[in-house]
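Chemist: Sequence:
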Amino acid sequence: MEISSLQKARYEYSPKLPQMLRGGIAEISVLEGAETKSVADCEKIQALFPNTYGKKEITFQKGQNTSEAKKQVVGVILSGGQAP
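With the numbering used here applied, the sequence shown covers 148 to 231.
It cannot be assumed that every hint is accurate.
[Stated by the list, open to error] Taking lysine to aspartate or glutamate pairs in the DMTMM-like style, the calculated list, with each CA pair at most 20 Å apart, reads:
id, residue 1, residue 2
1, K202, E174
2, K218, E179
3, K191, E174
4, K202, E190
[Said to hold, decoys possible] Pairwise CB distance ranges (calculated):
id, residue 1, residue 2, range
5, G210, D188, 16 to 22 Å
6, G227, P197, 22 to 28 Å
7, S152, T199, 22 to 28 Å
8, I172, I224, 18 to 24 Å
9, V221, Q166, 31 to 37 Å
10, S226, G171, 46 to 52 Å
11, Q219, S152, 38 to 44 Å
12, T206, A156, 47 to 53 Å
13, S176, I224, 34 to 40 Å
By construction, these hints were calculated from the structure, which means they are not laboratory data. Note that CB positions come from ideal geometry on N, CA and C, so glycine has one too.
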């Protein structure tokens with residue numbers, strides 16, 4: 148089967164790993180921010196997402212990870228259109 152030049156380029160692509168992630172999980176810490184809230188329809192959204200509505204924002208930063216051995220369940224929501 149013959150593949151297109153675009154498909155060949157896709158196979159050759161190697162994603163770039165952010166510098167912060169190159170040192171391993173032991174060097175990543177979590178900074179908690181403000182609690183989140185919807186700008187409109189708060190009650191409706193809270194009813195749809197009762198387990199996650201109002202959770203604090205978090206930011207990952209370089210630092211000492213004190214919970215390295217602890218299992219974490221992480222969810223990510225990507226918004227704003229199709230990713231490249």
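Chemist: Work down the list of hints and note, for each, if the structure agrees.
Modeler: Cross-check of the supplied hints:
no.	hint	verdict
1	K202 x E174	violated, 24 Å
2	K218 x E179	holds, 18 Å
3	K191 x E174	violated, 39 Å
4	K202 x E190	holds, 15 Å
5	G210 x D188: 16 to 22 Å	violated, 36 Å
6	G227 x P197: 22 to 28 Å	holds, 25 Å
7	S152 x T199: 22 to 28 Å	violated, 43 Å
8	I172 x I224: 18 to 24 Å	holds, 22 Å
9	V221 x Q166: 31 to 37 Å	violated, 20 Å
10	S226 x G171: 46 to 52 Å	violated, 29 Å
11	Q219 x S152: 38 to 44 Å	holds, 41 Å
12	T206 x A156: 47 to 53 Å	violated, 34 Å
13	S176 x I224: 34 to 40 Å	violated, 22 Å
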